[in-house]
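Residue strings, one per chain:
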Amino acid sequence: MSTPKISVRDVQKIFPVGKEPFVALGGVSLDIGDNEFVTVVGPSGCGKSTLLNILAGLEQPTGGTALVDGKPVTGPGPERGVIFQQYALFPWLTVRENVEFGMRTAKVPKGERRERAEHFIRLVGLEQFADALPKTLSGGMKQRCAIARAYAVNPSILLMDEPFGALDALTRVRLQEQLLETWSKERRTVMFITHDVDEAVFLANRVVVMAARPGRIAEIIDVDLPYPRDEDMRLSPEFGALRNRVWHAVYHQRQIKEPAK
Amino acid sequence: MAVTSAGATRADNAPARPRKNRTFLVLNIISIVAGIAIWWGLSLAGLQFPTPAEVVSAAWKMIQDGTLATDVGASLGRVLAGFALGSVAAVIVGFVMGWYTVARGLFEPWIQFFRTIPPLAMLPLVLVLMGIGESPKIFVIFLAAFLSCVISTYQGVVNVDKTLINAARVLGASDGTIFGRVVVPASTPFILVGMRVGLGSAWGTLVAAELLAAQAGLGHRMQSAQLYYDLPTIFVGIIAIGVLGLIMDRLLMIAGNKLTAWQENR
Ligand SMILES: Nc1ncnc2c1ncn2[C@@H]1O[C@H](COP(=O)(O)OP(=O)(O)OP(=O)(O)O)[C@@H](O)[C@H]1O
Ligand SMILES: [Mg+2]
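Chains as they are written, first to last, in the numbering used here: chain X, 149 to 409; chain C, 21 to 286.
To be clear, the hints were calculated from the coordinates, so they are not data collected in a lab.
Hints should not be assumed to be uniformly reliable.
DSBU-like cross-link-like pairs, simulated, lysine-lysine; straight-line CA separation at most 35 Å [what the hints assert, rightly or not]:
1. X:Lys258 to C:Lys278
2. X:Lys333 to C:Lys182
3. X:Lys258 to C:Lys182
4. X:Lys258 to X:Lys283
5. C:Lys278 to X:Lys167
6. X:Lys255 to C:Lys182
7. X:Lys255 to X:Lys219
8. X:Lys219 to X:Lys258
9. C:Lys278 to C:Lys182
10. X:Lys258 to X:Lys333
11. C:Lys81 to X:Lys283
12. C:Lys278 to X:Lys283
13. C:Lys182 to X:Lys219
14. X:Lys283 to C:Lys182
15. C:Lys278 to X:Lys255
16. C:Lys278 to C:Lys40
17. X:Lys219 to X:Lys333
18. X:Lys283 to X:Lys255
Covered stretches of chain X (chain C as the covering partner; in silico rule of three or more C-beta atoms under 8 Å from a C-beta of chain C) [as the list claims (entries may be wrong)]:
19. 244-255
20. 337-348
Every value quoted in this text rests on a predicted model; they were computed, and no experiment measured them.
Cβ atoms here follow ideal geometry from the backbone N, Cα and C, with glycine treated the same way.
Let the hints inform the model, and build the full structure from the sequences given.
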């Protein structure tokens with residue numbers, strides 16, 4: 149592999165909490181290749197969001213480096229789109245205006261802005277709601293809007309922090325399929341955090357399993373299932389076997405003796 | 021606009037709303053009519069109140085000789101001037117306080133201190149310093165509006181959802197853009213609440229200030245009516261103050277609802 153798209157080198161994050169500092173990430177290393185879809189699972193509090201925020205440039209690591217395209221991350225950048233669990237749509241802007249937000253800050257001329265917004269709104273199937281305010285959208289529609297908004301600035305990387313976490317099971321499955329469809333049309337490097345083992349396996353080229361105290365990578369599991377993936381794939385024995393592996397890696401961590409870091 | 025799935029659930033209770041509103045309106049009207057009837061009854065039963073008819077005729081006289089218009093004009097002019105100045109200053113100071121920690125540290129003690137003083141209590145000092153023209157009254161009203169509004173603007177800025185700011189940052193927004201396109205709209209609901217409280221406080225302060233020192237205005241009119249034991253005029257003044265206050269509050273509320281129609285669950 150040439151230079152990885154994302155390279156996390158021994159990244160540490162220590163939060164000064166009270167007298168004893170809290171080690172949220174205790175030396176995490178991970179390479180993600182161009183156009184790879186990586187999912188990250190792990191118990192609550194193992195530092196998944198912290199890792200993502202460091203890559204997004206919203207937080208600084210206290211040790212190690214995070215590289216994107218070989219350059220250290222120093223702040224947010226247009227090549228990295230972020231999708232938050234709480235949607236984070238601007239409630240006073242319509243769907244279209246939300247999608248155009250990033251292009252406006254990038255001073256994209258109006259005509260092109262319109263056109264690109266239109267394209268991505270259609271891509272996520274919200275064309276009928278382009279002029280609706282977020283409050284009139286369902287949770288799934290809000291998240292699709294957030295995905296369109298992130299796509300619209302044309303980032304080469306998408307960082308997604310439990311984007312479907314707040315949705316019901318059915319909407320979730322639909323959005324997973326839709327996300328893969330979007331991703332197959334518009335290839336990006338994706339890091340996708342989730343609590344849901346099925347979701348992690350269904351979406352990923354590779355599943356990164358993290359463990360807590362200190363936050364670290366416990367195991368990386370390759371998912372060698374072909375795309376496009378559909379419902380049949382979900383029910384296949386290969387899928388089931390992978391899911392069981394990931395499940396074990398996530399939920400039987402207590403049996404692993406805590407390595408002295 | 022297209023109907024959304026969320027819109028559909030909202031439509032379910034839509035027919036209930038107007039019916040409920042109508043019942044409410046009917047109750048309101050019944051209550052008002054009953055209130056006037058009781059007032060009338062009491063004044064006929066020998067209480068010192070003028071009857072509603074007497075008050076209406078006093079009002080009619082004041083309308084015809086132009087005194088009511090003059091008084092209302094004087095009062096409204098003062099309150100609007102003071103309120104406008106106070107709100108603008110409050111929004112500016114509130115934003116500065118919310119955005120810059122240093123400014124917060126410097127302004128906060130003074131604002132907290134003056135907030136505990138009823139603006140009217142400043143009147144004697146202000147009258148000495150500024151004379152008896154329009155400026156002391158407008159200044160006191162300015163103070164009332166400013167102090168009510170500044171804290172809520174500041175709260176609005178401080179409480180802007182951190183994820184929205186992060187969302188703007190990852191979309192490439194500079195600090196200036198974040199301020200103009202995220203912080204300002206996000207704090208509008210807080211500012212509007214502050215302005216409504218500020219308007220109420222300004223109106224109350226105004227009338228009291230006019231009672232103490234003015235040559236015209238609703239408060240002044242009532243004050244001079246008191247000397248002649250002219251109860252109908254006092255009633256006209258009270259009712260005019262209430263009605264005008266209500267109208268201004270409603271106008272501000274309607275404007276506010278328009279501006280913040282994007283808010284969830286309203
Ligand atoms: N600003 C902070 N100050 C102190 N501790 C923090 C801070 N942010 C995160 N932490 C701690 O770091 C740990 C990792 O947090 P993080 O949000 O990355 O977890 P997570 O894996 O995303 O969990 P979840 O799945 O619940 O979202 C948590 O134990 C949290 O309490
Ligand atoms: Mg998290």
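Going through the hints against the structure:
no.: 1; hint: X:Lys258 to C:Lys278; verdict: 27 Å, holds
no.: 2; hint: X:Lys333 to C:Lys182; verdict: 32 Å, holds
no.: 3; hint: X:Lys258 to C:Lys182; verdict: 28 Å, holds
no.: 4; hint: X:Lys258 to X:Lys283; verdict: 26 Å, holds
no.: 5; hint: C:Lys278 to X:Lys167; verdict: 50 Å, violated
no.: 6; hint: X:Lys255 to C:Lys182; verdict: 24 Å, holds
no.: 7; hint: X:Lys255 to X:Lys219; verdict: 24 Å, holds
no.: 8; hint: X:Lys219 to X:Lys258; verdict: 31 Å, holds
no.: 9; hint: C:Lys278 to C:Lys182; verdict: 25 Å, holds
no.: 10; hint: X:Lys258 to X:Lys333; verdict: 25 Å, holds
no.: 11; hint: C:Lys81 to X:Lys283; verdict: 52 Å, violated
no.: 12; hint: C:Lys278 to X:Lys283; verdict: 15 Å, holds
no.: 13; hint: C:Lys182 to X:Lys219; verdict: 27 Å, holds
no.: 14; hint: X:Lys283 to C:Lys182; verdict: 19 Å, holds
no.: 15; hint: C:Lys278 to X:Lys255; verdict: 29 Å, holds
no.: 16; hint: C:Lys278 to C:Lys40; verdict: 22 Å, holds
no.: 17; hint: X:Lys219 to X:Lys333; verdict: 27 Å, holds
no.: 18; hint: X:Lys283 to X:Lys255; verdict: 27 Å, holds
no.: 19; hint: 244-255; verdict: holds (count 4)
no.: 20; hint: 337-348; verdict: violated (count 0)
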